[in-house]
Structure formats: structure tokens, C-alpha cells
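Peer 1: Residues per chain are reported as follows:
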Amino acid sequence: MKPAPSIVFFTVASGAGYGLLFWLGLLRPTGLLPQAPAFALTCLGLSLLLITAGLLASTFHLGNPQRAWRALSQWRSSWLSREGVAALLTYLPALCFGFALVSGASGLAVAAGLLAALGAAVTVWCTGMIYASLKPIAQWHHPILAPGYLLLGAYSGMALLAAVSAIGGVVGGPASFIVTLGLAGLVLKLAYWQIVDRLGPAASLASATGLEALGRVRPLDPPATETSWLMREMGFRVARKHAAVLRRICLLLGFVLPMLLSLFAGQFGGGLAVLALLLAALTVLAGILVERWLLFAEATHTAALYYHG
Amino acid sequence: MTCLPDRPPGAPALGLVIDLDTCVGCQACATSCKQWNASGHSGPLPDLHPYSAGAEGVWFNRVHSFEAGEGAAGRTVHFPRSCLHCETPDCVTVCPTGASYKRAEDGIVLVNHDACIGCGLCAWACPYGAREMDEVAGVMKKCTLCVDRIYNETIPEALRQPACVLACPTKARHFGDLADPQSAVSQLVADRGGQALMPDLGYRPVNRYLPPRQRQAESQPIEDQPTPLDIKNPLLRWMGRVLTR
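Protein sequence lines correspond, in order, to chains C and Z. Count the first sequence with my numbering and you get residues 4 to 312, in order. Count the second sequence with my numbering and you get residues 395 to 639, in order.
Some hints here could point you the wrong way.
[What the hints assert, rightly or not] Label-pair restraints from in silico Cβ distances: (1) C:311 to Z:546: 35 to 45 Å; (2) C:224 to Z:636: 36 to 46 Å; (3) C:121 to Z:553: 20 to 30 Å; (4) Z:399 to C:107: 45 to 55 Å; (5) Z:564 to C:252: 45 to 55 Å; (6) C:107 to Z:435: 57 to 67 Å.
Since the hints were derived computationally from the structure, they do not count as laboratory data. Computed from a predicted model, the values in this text were never measured in an experiment. Cβ atoms here follow ideal geometry from the backbone N, Cα and C, with glycine treated the same way.
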């Protein structure tokens, strides 16, 4: 599948934004985070910035972005519509949270923060289910896919939270959370790649043509000598030969390096910890960008069987 | 609405039956489809760089050629590919806007181009690659089963069939109601063992493909004339050589 830059950016940016919103709403009442309103407002602002930038980027993928409002109507059947509804609804408690922080209404801040955390989790779940529900794409139509979106969103959100909270003077807790979530993410990605490497395509060319009785079927002549939208969209094969290298880059940048930096920050604290956690947040985002790009590039669609066999 | 409609009992399921035994891969169905659908319900259909390198456009019907089987039993099969108007199509249910829909009255799957946002998710959800993005208009387009022909009372009744069916010179394409077991197309499917494509994915396609007939084991091609060595009489062999000089 073609890794459209707008969608790759959207899922990474809004995933991290919702992850940050989730942890902020959930952890602030526990006292593990700096309690100054300025800290929560900075995190909230950053999360809404990432979410909004991602949502705007996703509309660049549309042929008619001015009609995007119509996508809110089919939540009964469509995960994409549910995602849109959940994304917009999450703005309400998030903005309420911000209002409560500014006006000092601490009870409202806790309630709105928790509601925003719930909305964030639901939205990212819907994003994952858009892909997990597509039967023609074997690498996506798997129970591990949507939990993966949730976990990596939570992980990248925690990396951002740790960086901001280090600036606010709290290092230990968030830094150790990065290590825990990073380990979980690492295991998840290794398991995912193990699964998809063993997975056959969702169908064969023989069953795609109804010619199973004749034996093996292979392509002879394509319908056109030139390419088409279908081929660009579903027949994407550019990255396959680099996949192994890109997977290693993803593991290193996205997981190993930030976990080491977090351990370092937790050990030493101070100004160096701020620097280390800022760097960790950036490498997590870079690693997840590679991960998301690969998630598309390595996915195969049954329609490509008709062309590539 | 992109929820699938409750189809009334006995409602027809209009579709195509395509005979892979007689299809010669001439592309007449593809070009007549393009000609008809470039106007009407789906028009205009884009054709980018039509007279230079990189020519491409939207086609609702594309004819592939495959090799099937091995050795002497192997054969070339021409394979027209278009929307199968599935009974449970995910391309409809994934649509976030309600632009993609299945008609309750005859089962045809259509796109309302005025409501489509061009997200492309329906094309991802279709295992058959039947939907193509019109990148000029920014909306998804697909086979309409010539909905603007088959009910069109301004054309003679005999011509109220999909353009591809009318154009086929070998009569490899048949149009009809596949929900009615007595219909001509259903009889054809029953007689020839018509196949549904990728049935395991659960889309319940309506269109059927008739597999190529079994070759008769002992049949010799008529071109297989005796060679001079097959002629036992030396006089006749010599005459044959002289006369073919």
C-alpha cells in the first residue's frame, strides 16, 4: 500500500497528541506530574497542536476536503466516520480542561481531564480499526493492529510528557514510564513483524480468478502498458527491498535509543536529563514515523494479485 | 446511508456472467464501457496525457491475460475485471459520508459523486480492485452496471443492457438476475460451474465467471497435415517434394 505522507504524518502526529492528552488527563490527578497549571497548559497546548495539525494533514489526502464534514454522518457502519466523530467530541472535554486549568477549578479539571483521556483512547482505537477492518490487506486485518496503534500512541505521548515534565523539574516517574512502554512497544513490533513475515496474502491469484481447477495461475499481460491510480495505490513495492534496514532503524531510533536516554535521565537528573528526554521524544517520533511508513509500504492488497500474481 | 439495505425477499440481484472459455481478450468491453460511461451518471472520466507517454485514466473494466495450468494442459485465459456488485460489500460500509451505497431494489452498488470526499477507503476495502479514483474530480468512480442504460426507456428495449455486454463479439458476457434460479444467467452458472471470486473473504459477489471448458483429450489440431516422412510410397513422396518446390 502506498504510504501517503499526509496519512503517515496524521497517524503519527495525532497519535502522539492523543497519547499526551491521555497521560496528562490520567496522571495529573495522581500527583506524579508537576502540579503547576502552566505545566498542564503547556502539555495540553502541545497535544491539541499535534492533534489539530494531524487532522488538518489528513484532509490533504481527500479529493474534496471541503466536504469533510460529511464524514461525520456514517458512524453506524464506518470506522473512519467514528474516528472523525470521536476526534471532534474529544475537543470538548480537552477545551473544558484548559478552561478549568486557567480558572483554577480543580474538580472540573480532574473530571474534564479524565474525559479527554477517554476520548483520546477511543479516537486512536478508531484509527487503528480503520486499518484493521480491511479484509483485503492481510498485514492489517489482524487483531494485533489496533492495540498496536494504541500502544505506540501512548508511548510517543509519554515521551512528549516526560520531556515537558523534565523542563518542569519532574524526571523520575515519566522517564521510567518511557522505558516500560518502550519495552512493550518493542515486543509488540517484533511480534507484529514475526506475524506478517509468516502471513500469506489474503488470497491467491487462482482464487482471485476462479481458475483453481486449472492449476497455478500467473500474470501474462496486464490490461494497460502504463500505470494507473490502482497500481500506484495498491501495487506499491518500492520499499520492500529496504524493509530489513528500515526495521532496524525503526527499532534503534524508536525504542532502543530513547529507552537508553530515559535510563540516563532517570539516573543523573538535572539539566542533562532535560536534554536527554527532549532528544528521546524526538527520536521516538522519528522512529514511529519510520514504523508507520513501513506499516503501509509492507502491506499488500489482494487487488495487486491481478498484476503481480 | 452506508449501512447495507434490507433487500426485500425476491429482489433481483443484477449482475454479469463472464465466460472465460470464449473471451478472446479483444478489449471491446473495456473500450465500449469507457465510451458509454465517459458521459451520463459517471461522466466525465479522466484521460491524462492520452496522446503521449504516461497515458492513463479511469476504467471500470480492465482485461487481464493470465497463464493457467502447466505444460500441454496450460492455457492463456483472458480475464475482464470489473465491479462484482457484492451482496455484502465492505466498500459500502466503510464509506464515512454515505456516498457509497447499494440499491435495495436491484443490488447495484453505486457512488453518489456529489457526496464523495475522495478519501479512497472504499477502494482499499474492495479486494477486487474494482474502484478507481477520478483524480481530476477528486471522487471515487466505479462500474454502474450501466444503470443509465438498463432502465433507459429512450433506447430500444433490446439495447437496455450494459454497454460491455452489447459490445462483446464472442458473446462472452451475459447480463441478468442472478437471484432468480430460473433466469438464463443462473442456468448458465449452474450448467458451467460458474465461480465466485475470492469467496473466502465473505463479500458474496454477484457476478460469476465461467471457467474454460475441459479440452478434449484426443483432439488433433486441423493444421496437423502429414509431413513428407509420413508418406510411405516413395513415388508419392518424390511427387510431393517436386510439387511443393
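Peer 1: Going through the numbered hints above, which ones does this structure break? Give me the numbers in ascending order.
Peer 2: 3
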